[in-house]
Amino acid sequence: MSSTTIRSLPSARTRTGRSRRVQAVSLLGPLTMLAGLLWAIAQPYRITLLHPHGQGFWWLVVEPPLLVVAAGIAFALVVARPLLADLEELER
Amino acid sequence: MEPPAEMVHWMFATGLLLLGLCLLSEAIVGPEVWRARRWRAYLWPGLAFTMGVLMWPVMAFFTNSAIHMYAHGSWAEVLMLAGGAELGLVHGRLKSRWWRLTTPLAFAVTGTAFIVHEQNAWFFQRSAFLHHLLGWTFLGAAIVPLALVFRPRSTVLQSAFALTFVVVATMLYCDRDLAPVFGHLSPLAGVPHR
Chain L
1 MSSTTIRSLP
11 SARTRTGRSR
21 RVQAVSLLGP
31 LTMLAGLLWA
41 IAQPYRITLL
51 HPHGQGFWWL
61 VVEPPLLVVA
71 AGIAFALVVA
81 RPLLADLEEL
91 ER
Chain G
1 MEPPAEMVHW
11 MFATGLLLLG
21 LCLLSEAIVG
31 PEVWRARRWR
41 AYLWPGLAFT
51 MGVLMWPVMA
61 FFTNSAIHMY
71 AHGSWAEVLM
81 LAGGAELGLV
91 HGRLKSRWWR
101 LTTPLAFAVT
111 GTAFIVHEQN
121 AWFFQRSAFL
131 HHLLGWTFLG
141 AAIVPLALVF
151 RPRSTVLQSA
161 FALTFVVVAT
171 MLYCDRDLAP
181 VFGHLSPLAG
191 VPHR
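Read top to bottom, the protein sequences are chains L and G. One point on numbering: in the numbering used here, the residue at position 6 of the first sequence is 6, and numbering is uninterrupted. One point on numbering: in the numbering used here, the residue at position 148 of the second sequence is 148, and numbering is uninterrupted.
Isolated chain L, as found in the complex (with noise of 0.2 Å):
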């Protein structure tokens, strides 16, 4: 019996240090987000869609914190999903 606990040791402590791998990765994107929308709404003069007559193109298209939330989507959309499938794959 004993032999079977030590046995099973492993395999568990490598299943939730794998668990914690697919927490982590599946927050960063999520994070990343969260810190665009905190900004954003700490510093709103810096969402020009706010206030948009009289702007230029530039001026429209790229806003900073606008950015951070994008780069979070597209992280969490293009990289995170697929790593997380083959993440929980190596889990089964």
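Worth flagging that the hints you see were computed from the coordinates, not collected in a lab. Computed from a prediction, not measured in an experiment: that's the story for all the values here. Don't take every hint at face value.
As the list claims (entries may be wrong) - Label-pair ranges, simulated between beta-carbon atoms:
| no. | chain 1 | residue 1 | chain 2 | residue 2 | range |
| --- | --- | --- | --- | --- | --- |
| 1 | G | Leu188 | L | Glu88 | 49 to 59 Å |
| 2 | L | Glu88 | G | Pro187 | 58 to 68 Å |
| 3 | L | Gly54 | G | Ala121 | 27 to 37 Å |
| 4 | L | Gly54 | G | Val156 | 44 to 54 Å |
| 5 | L | Gln23 | G | Val149 | 28 to 38 Å |
| 6 | G | Pro187 | L | Ala85 | 17 to 27 Å |
| 7 | L | Arg46 | G | Val191 | 30 to 40 Å |
| 8 | L | Leu34 | G | Arg151 | 25 to 35 Å |
| 9 | G | Val191 | L | Arg20 | 29 to 39 Å |
| 10 | G | Arg97 | L | Leu60 | 45 to 55 Å |
Note that CB positions come from ideal geometry on N, CA and C, so glycine has one too.
Knowing the structure of chain L, use the given hints to seat chain G on it.
Below, chain G without anything else, positioned relative to chain L:
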């Protein structure tokens, strides 16, 4: 129709942020899982190479002085060299681990170029401060990719390498063409526009 210089900094900050996130997730999951899909292995070296290519139009269209041209040109070269070397290593065309020395070289050249091409003092205005800070950050952080050449599987070093890009991206996002820094703004700099 060119964007203001500060916006170019923000766009490169976005590229560096994505680069940092990719590297951080690779450090978390390990190279085996990261390379489970072939395209992912090429992702960050390809991003670095692309940013090197995009640095050429920056050099051509944002040449305020000869020193700016040399700085942006040297960044384009070393970014393409480091990204290209990493692409070659991932693909298997390059075998020697010494090719990884191109990354600390890129950091050292970038840091030096940042410091050399900023001709104003630290507290002249925000962009001057950030250029000095970015330069010294790159020079100091060059030790991380250098250490990674010798200990490529170190999670601590991989995470430090990734976080360097996130920190640099944050600094670039803070850049403005004309703004005070910690309450300092030289009267010679002009009037802040926003």
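Structure-based check of each hint:
no.: 1; hint: Leu188(G) x Glu88(L): 49 to 59 Å; in the structure: holds (58 Å)
no.: 2; hint: Glu88(L) x Pro187(G): 58 to 68 Å; in the structure: holds (59 Å)
no.: 3; hint: Gly54(L) x Ala121(G): 27 to 37 Å; in the structure: holds (35 Å)
no.: 4; hint: Gly54(L) x Val156(G): 44 to 54 Å; in the structure: holds (50 Å)
no.: 5; hint: Gln23(L) x Val149(G): 28 to 38 Å; in the structure: holds (31 Å)
no.: 6; hint: Pro187(G) x Ala85(L): 17 to 27 Å; in the structure: violated (57 Å)
no.: 7; hint: Arg46(L) x Val191(G): 30 to 40 Å; in the structure: violated (19 Å)
no.: 8; hint: Leu34(L) x Arg151(G): 25 to 35 Å; in the structure: holds (33 Å)
no.: 9; hint: Val191(G) x Arg20(L): 29 to 39 Å; in the structure: violated (51 Å)
no.: 10; hint: Arg97(G) x Leu60(L): 45 to 55 Å; in the structure: holds (46 Å)
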